[in-house]
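These protein sequences, in sequence, are chains A and B. The first sequence begins at 1 in UniProt numbering and counts up by one. The second sequence begins at 1 in UniProt numbering and counts up by one.
Worth flagging that the hints you see were computed from the coordinates, not collected in a lab. The C-beta atom is built at its ideal place from N, Cα and C for all residues, glycine as well. There's no promise every hint is true.
What the hints assert, rightly or not - Short, incomplete list of chain B residues facing chain A, as computed with Cβ under 8 Å:
no., residue
1, Asn-240
2, Thr-247
3, Ser-251
4, Val-252
5, Pro-275
6, Gln-303
7, Leu-304
8, Glu-306
9, Ala-308
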Amino acid sequence: MLGDIASVIVDGALISAVYALIAIGFTMVFGVGGVLNLAHGALIMAGAYTYLSLVSDSILASVTLHPIVAFPLTIVIVGLISYGLYVVLVRTIEENVVITFLATIVVAIAFTELVTLVFHAQPYQYSVVPGVLQVQALGTRILYVELAAFVASWGAMGLLWYYVTKTDSGRSIRATSMSERGAMLTGVDVSGVRARTWLVAGGLAGIAGVFLGGIGAAEPTMWLEPLALAFIIVVVGGIGSIKGSVAAAYIVGYLQTATGQFLGQSVRGIMSLVVLVVVLLVLPQGLYGTEFVHE
Amino acid sequence: MADPTSTPSDRSTAYTNGIGRRSFIRAAGASAALGLFAGCSGDGGGGGENPDRGGGISETVTIGHLAPLNNPLGIGSKRSAEMAVAEINDDGGIADQTVELVTKDTRASPSEARTVAGELVRQEEVDAIVGTFSSEVTQSIMDLVSEFNTPFLVTGSAAPSTVTEFVASDYERYKNTFRVGPVNSHFQAEVISQYASHLSDRHGWNTFAVVADDAEWTTVFRNRLVDLLREADLDVPMVNGLATDTTSFGSVLDDVDEVGADAMFRFFAHINGGPMAARWAEGEYEFGIEGVHVASMLPAYYQLTEGAAAYETTTQSGAAGVTDITSKTVPFTESYMEKYGDADDPPSKPMYMGFVTYDAIHVFKNAAERAGTVDQENNLDTIVDALLQTDFTGAAGQVQFYGADETYAHDLREKRDSDGIITNYPLTQWREGGSLECVYPEGLRTAEHAAPPWMG
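Extracted from the complex, chain B is given alone in its bound form (with noise of 0.2 Å):
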C-alpha cells in the first residue's frame, strides 16, 4: 500500500507561510517526478480536451471548499483549507498548477448549499470540492456534483447513509465522493463502548446512561452502541432522546441520577449542553458527562461555560491537536494558531473539521498527481482510482478509504491497534483551568481519564 507520492508530505512539517519558500529547483523537481502528468495531459486526455492544459503553460487547479460559515467548525475549515493551498503552492502547486480555493458559505441550509455548490461546479468550474458540515447538507448536494463528474470530499458529516445508500448502492453514479474523516457513526459507535470498558476498567464505572440530540444521526448510538454495552455486560437502564431546540436540562440530570447512572453518555450537535454541565457541576451529580458533543469542541468552551465544562469529555477528530496522532498534528495546530490563535473570530484552534479539510486538500492533491490529471470531465475514473490507493498520513490520521465493493465504500477506515481498538477518533477531556487533555485511546493519551473530583 506504499504511496509513492505521499513522501513529499513529510516536509509539511515545517508550515512557514512566507512565499519565499517557493522555489523554482522545488517546483522543478516536482514536476519532473511528474512526469507521467505531462505526458498523460500533453497526449490527449485533459489536454485534447482543454488546450491550455498542458504544453507546460501555468494553469490553476481550483479548489472549492463549502461549510457553514455562521459555525466557528466552518470558518476553523476554511482557514485550515487556506493553509494547505498555501503549503501545497509553496511546494509547487499539483503538478506544477497553482492551487487556487473558492469557500462558499452553506449557512448550514440543503437548499443554500444546492445554490453555491452550484456556482461552484457551474461558474468556478472547480476541479474538485471538499467541505460540508451536515449529512443533510452533503447529501442534497451529491447529485448535482456527481452530475459534474467532480471529485467530492467531504470533511465534516458522519452519517454512513452518505456511502450506503449513495456510493455503495449506485457505485457509477456517485463514485466521485470520497469521506475523509471522521470515520462514520457506525464506527463512532463501536469507539464509545470500547471507551465505556476502559471506563468501567478505570473507575469501576458500569451503569450508563445514553441521552441524545432527537436528530438522525444519533440513531446509531441509541441503538447500536446500546447494544454494544450490552454485549459488554454493561448496564444501559435509560436512553433518552432530547428536542433539538432543548434548553433545560435540571429533570434529564435528575433522570439521569435516579437510574444510578455512573456516567451519561451524550450525543449533542444540535444542542447546546453547556448549560446542562453548568447545572451538572452546580449540583455536584455523581455522575460523569461523556460521548460526544459539538459545542465542547469550540476552543474557547472552557472560557463560555465559565468553567463548568471542566470533566466533560467529547470525541473529536485531531484530538484539538493537543497529543501526536501523527507527526503532523501537533505542527499543524501550532501552525494555525500562531495565525488565527488571536484573531477576532472563532476557533482558535482547526477543531475537527479544520483537521480533516486540511487533510482532504493534500488527499486530492497526492491523487491528482498520481492520476496525472485533475480533468475530471474525461478522466473521473483515473482520478477514483488514485484516490482508492491513498495512503496518507495526515494531521487528523492516517487516510484510508474503503474500496468500491465494500460496505463502506470510498468511506475513511477506522484504524484499529492490535487488540481491535480504534484509534482514530480521540476522546479529550477539559480540565480545571481550561487545559485540554486527550484521556483515549492508550496510544494517543496525554493524561488518564479524571472522574469529577465530587464523585466518591
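Chain A with its partners taken away, still in its complex shape (with noise of 0.2 Å):
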C-alpha cells in the first residue's frame, strides 16, 4: 500500500508535467488570440513524427540524427508550423470564432490523414533517452525518458515563466491576453503578439509531443487524449493562465494515476471529467481564471 501511494507520487509528477506543457500552449493561444486551437494535438502528434524522422534511419535513410540535435531541431520546427499555421490560415479568420474553430478541427484530421498516408496507421517506436532507475524501495521502474520528460517539460516552463515576466516581448504576451485592449493603447503589436504566442504554444507542444511518443508511441491518434486533457486542465485551471494549468495539470494527473492505481485502469480517465463537471458548476471561472468582462 505504502509502494502504491510512493508510486502514484512518482508517476503523477512525471506525467502531470508533460500535460501542464501541453495545456499551457493551448490556453496561452487562448488567452491571447481567443482561439480554441483543436490543432494543438496535431501539433503535438508533429513533435512525436519530426522526431522519430531525424533520429531513426527506418523513415529518412539520409537524415539520422544525434537526439541532442534533433529534440532542438524538433522543437524549432513544430513551433514553425504553429506559427504557419497562425500566419497561412488562423489570422485571415480569426475574427469569425466559429470558423476559426471548425477550421482548426479540419487542419487536426487533414494532419491525421496526412499521417496515415506517409507513416501508415503502425505504430512507431523510439528511445529518446535509453534505461531505466530501478527504485526498489517502492518496487516501480522509472523509465530515464520519464525523468527527461520531467526535467525538460519544468525546464520548459521556467523559460517561458522568465519570458513572460522578464522580456518585453513577453510581458506584451501577458499584457494582450490581460486586455487586447490596454495592450494596443500601450502599443503592443497585437497581430504580432499573436503570431509569437503560436510560436511559443507550438514549440511547448512540440517538447511534449516527442516525450509522449518516445514514453508511448508516435500513432495517427495519438493526440485525441491529450488535446481532450488539455481541455479539461485549462478549463480547471482558468482559461487564460499559465499558472492555473500548470496546477490543473498536477490534480488531473494525480487523480488519474491514483484512480488508475487504486480504483483500476480501467477507469482513470472518470475523476478528471468528474473534476471538469464540478469546477463548472462551482466555480465556472476555474482556479485561477478572472472572469469574463464584456469590453
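The two chains are supplied separately, each in an independent frame; assemble them into the complex guided by the hints.
Given below as C-alpha cells:
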C-alpha cells in the first residue's frame, strides 16, 4: 500500500509535467487570440513524427541525427509549423470564432490523414533517452525518458516564466491576454504578439510530442487523449492562466494516476471528467481564471 | 467427409500469377468436371431467373470483400483476396465464369460498413461477401446481407456471439453466414489454457496474470480462461481490464510483478502493447509476456518497437507463415511476400486475416461448384448445404464448419490432436534479431518457447 502511494506520487509528478506543457500552449493561444485551437493535438503529433524522422534511419535513410541535435531541431520545426498555421490560415479568419474553431478541427483531421498516408497506421516506437531507474523501495521502475520529460518540461516552463515576466516581448503577451485594448493603447503590436504566442505554444507542444511518443508510440491517433486532457486542464485551471494550467495539470495527472492505481486502470480517465463537471458548476472561472468581462 | 472438388486446390502450391497460365484445356477440364453446374443452371433455377447465366455464355461471379483499409490487417486481407481470385481465374474461374473482386473499406466502423455492404449487395449485386475484421462490424451488416440471401464468409472477427446469437438462434434468417476463421474466442481461451500448461511443463511457470482490453471480445478470457487455468491447478492472482486507449503501463507491470506472476497473459486488440514491451524489456521484469496481441502480428512490429518485442508471443491464425500448418501455408506466404514484400504499404506478410480471407474465397469457389450455382436469390439452401460439406485444406489450416444444429452453427471447427490439444490457433514468438518462431502447438513448432534471458 505504501509502495502504491509512493509510486502514484512519482508517476503522477512525471506525467503531470508533460500535461502542463500541453495545456500551457493551449491556454496561451486562447488567452491571447481567443482561438480554441483544436489543431494543438496535431502539433503534439508533429513533434513525435518530426523527431522520429530525424533520429530513425527507417524513415529517412539519409537523415539520422543524434538526439541532442534532433530534439531542439524538432522544437524549432514544430514551433514554425504552429507559426505558419497562424500566419497562413488563422490570421485571416480569426475574427470569426466559429469558423476558426472549425478550421482548426479540419486541420487536425487533415493532419491525421496525412500522417496515416505517409507513415501508415503503424505505431512507431523510438528511444529518446534509453535506460531505466530501478526504485526497489517503491517496487517500481522509472524510465529515464520519463525523468527527462519531467526535467525538460519544468525547464521549458521556467524559461517561459522568465520570458513572460522579465522580457518586453514576453510581457506584451501577458498584457494582451489581460486586455487586448489596454495592450493596444500602450503600443503593443497585437498581431505580432499573437504570432509569437503560436510559435511558443507550438514549441511547447513539440517538446510534449517528443516525450509522449518516446514513452508511448507515434501513431496517427496519439493526439486525441492529450487534447482532451488539455481541454479539461485549461477549464479547471482557468482559461488563459498559465499558473492555473500548471496547478490543474497536477490535479488531473494525480487524479488519473491514483484512480488507475486504486480503482482500476479501466476507469482512470473518469475522475478528471468528474472534476471538470464540479468545477464548471462551482467555480466556472476555474482556479485562477478571471471572470469574463464584456469589453 | 471427402470433398470431391477440393482436389484442385492441391495444385495451388504453385502460385505463379502470370496470365499465360490460364489454359483452355484446364478450363475445359474444369467445366467438364462441373457438368452438374451446367445442367442445373441450364434447367431452371438460376438459369431461369437470369437468362445470362448458363447457355455457355461467359459471365462473371462477383465476390465482395469488406475490410478496414486504414489498418494493415485489412490491406493484407485485400491483397490476399486478390491473390485468391487471380489463382481461381488462372485455373478457369468458378465453373468457367471469371471471378471479379470488389473491395470496400469499412473504416472499422459499423455504420460505414452498413453503407458499403449496401453498395455491394444492391449495386454490385455480389454473389458472396468475405471479410470483416471486428465483431461489431460483422454483426452490424448481418441483417442486411441476409435480406439479400448473400453468402457471408466472415474472416476477421472471432466473437462466438456472431454464430450463437445470430446463426444458431435464428437459423432460417442467418443461415447465409459462415465464419471461416480464426477459431472463436471460446476455443481461443482453451488454447491459451493448454498453452499455459505447456509453459508450466517447460519453465515451471505456474502463476499467471490476466490483463485485457476492457472490451467485449476479452470477456471470455477474463472469465472462462481464468476458470480453465484454475482447473489446471495454475494460480491466477490478478485479472485486470485496461481502458482501450491506455498508453501508460508502468503501474500495470509493477502490479504483475508484485503478485509474483511467472507470465502475463495480455489480450490486446485495441491497445498497442508495444510501449509496454519496451518498458518490460528495459526494466527486465521477471515474467514473460504471452497471449493475444494484434499489434504484435504486424510483420514490421519488431522494427517498430526497436527490438523491444523480443520474447513476447501472440496467437495468430496462419502463424505468420513461418511453419507448415498445411502444405499451402508457406507457399502462399512466400508468394505474397514476393508480390508485396517490398511494397510501400504494410503489411509485408498476409497477417491472420489475409490467410483466412484467402482460404474463404477458395472455400466459396469449391462450394459454388459443388452446389452448381451461385444464384443465391433462388438457391441459397443449395449453396448453404454445399458450404456445410466443406472440408478444405487452406493456408491457415483445415476448414470445416459446425453443422446447423450445433451450438456454434456455421462456425469454423477447431482441430484437435489425439490429446485434445487444439492445433489450428498457433502461437508465435519474436526473437532477438527480428525472427519469428512458431512455439506452440508441438506439431507445428519451429522452435521451443524461450523465456526472456533476464529471467533467472
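Here's how the hints hold up against the structure:
1. Nearest Cβ of chain A to the Cβ of Asn-240 (chain B): about 6 Å, under the 8 Å cut. The hint holds.
2. The criterion of a C-beta within 8 Å of any C-beta in chain A is met by Thr-247 (chain B), whose closest approach is roughly 4 Å, and the hint holds.
3. Interface hint at Ser-251 (chain B): satisfied, since its Cβ lies 5 Å from the closest Cβ of chain A, which is below the 8 Å cut-off.
4. Look at Val-252 (chain B): its Cβ gets to within about 6 Å of chain A, closer than 8 Å, so that hint holds up.
5. Below 8 Å, beta-carbon pairs count as interface contacts, and Pro-275 (chain B) has one with chain A at about 5 Å; its hint therefore holds.
6. Residue-level restraint check for Gln-303 (chain B) holds (minimum Cβ-Cβ distance to chain A is 6 Å; threshold 8 Å).
7. At about 6 Å, the closest approach between the beta carbon of Leu-304 (chain B) and any beta carbon in chain A falls short of 8 Å, and the interface hint on this residue holds.
8. At about 6 Å, the closest approach between the beta carbon of Glu-306 (chain B) and any beta carbon in chain A falls short of 8 Å, and the interface hint on this residue holds.
9. Of the supplied interface hints, the one on Ala-308 (chain B) holds, with its beta-carbon coming within about 7 Å of a beta-carbon of chain A, less than 8 Å.
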